[in-house]
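Using the hints provided, position chain L relative to the given structure of chain W.
As you go down the protein sequences, you meet chains W and L in turn.
Residues are numbered in the working numbering as their position in the first sequence, beginning at 1, plus a constant of 3.
Residues are numbered in the working numbering as their position in the second sequence, beginning at 1, plus a constant of 3.
It should be emphasised that the hints constitute simulated quantities derived from the structure, not laboratory data.
Each hint should be verified, as a subset may be incorrect.
To be verified - Listed next, the stretches of chain W that the computed footprint assigns to chain L, with coverage defined by at least 3 CB atoms under 8 angstroms from CB atoms of chain L:
#1 18-25
#2 28-38
#3 88-94
#4 99-113
#5 130-141
#6 150-157
Every residue, glycine too, gets a C-beta built ideally from N, C-alpha and C.
Protein chains: 2
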Amino acid sequence: MRLPEGVEWGLHCLAVLAFVPPPACLPARRLAEYHEIPEPYLAKSLQALARAGLVASVPGPRGGFRLALPPAAITVLDAVQALDGTSPAFHCSEIRQRGPAAGPRDLYRLPCAIHHVMQEAEHAWRERLAETSIGDLALHVMQSADPTITQKAATWLQEAIR
Amino acid sequence: MRLPEGVEWGLHCLAVLAFVPPPACLPARRLAEYHEIPEPYLAKSLQALARAGLVASVPGPRGGFRLALPPAAITVLDAVQALDGTSPAFHCSEIRQRGPAAGPRDLYRLPCAIHHVMQEAEHAWRERLAETSIGDLALHVMQSADPTITQKAATWLQEAIR
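Just chain W, with the same shape it has in the complex (with noise of 0.2 angstroms):
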């Protein structure tokens, strides 16, 4: 089981892009810039955030990204949703309803036990995603950053944002 790592790019993204004061916004070619990532592959990234209503993708040549939505009302939940989808990572196929001890579908009224346990470990998993916020995120890069990163980060900043 492995998360893409186009979820750790687009993670980095909104915590920078928490940073951008609206109605600036900074051009995808600065995020990658900013992230030593090819554009073209953050691009994918960009437009899964932009489809899940988390970016604003603003058109034109001063145009970018910014978050659609104040950096407090986006989870880290919705980042990794939007990111890599919602599918449950444990897939359950009913094998509980093939074989020698089979029966008639309609006896089959609770959920497999097996896939109960999987449904509730996910669910833990995703409501501690849901307890972190991109703003609560942006502020323990922040926190957990030297000062001369965080000067050189927000001097970057300043010169790249539109």
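Then chain L, alone, in the frame of chain W:
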């Protein structure tokens, strides 16, 4: 992010093996028959469970598989990690150490904030899976099954065990 179907197969096999009284065992062929899974496919999952010390393989013509530990001593997490490995779903590539705001490596003493929240969510997932044992799971499988299914399963098992 998707767990391979071998995880589902392995968990169902463990739940069945919980009903096999030691020192009896169940041939791989029978486990495959019970779940309608091609035996060569299932063999991979059974081997992974054996490598992790969760099931024991009894050699010989009257051999097969049995749990290597009491059902209450094996957690669902043990089984999932045996079947899918212990690698985290989110891989942090330390993106923050790249690009125009990056600094020398020793400035990154605190963990990446994005890595941290993703790790916490996976911890919640693992914790939930560690709360349920294969013994609990086998009981829940019984409790949630219609009595006609339970009876068919018990009859089949009685005939299949060695």
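Hint check:
Look at the segment 18-25 of chain W against chain L: 1 of its residues bring a Cβ nearer than 8 angstroms to a Cβ of that chain, fewer than three, so the hint is violated. Requiring three or more residues with a Cβ within less than 8 angstroms of a Cβ of chain L, the coverage given for the segment 28-38 of chain W holds, as 3 such residues are present. For a cut-off of 8 angstroms, the count of residues in the segment 88-94 of chain W with a CB near a CB of chain L stands at 4, and the three-residue condition holds. Here's how the segment 99-113 of chain W fares: 11 of its residues keep a CB closer than 8 angstroms to some CB of chain L, so the rule of at least three is met and the hint holds.
Against chain L, the segment 130-141 of chain W contributes 5 residues with a C-beta closer than 8 angstroms to a partner C-beta. That satisfies the three-residue criterion, and the hint holds. For the segment 150-157 of chain W, the stated coverage by chain L holds: 4 residues have a C-beta nearer than 8 angstroms to a C-beta of that chain, and at least 3 were required.
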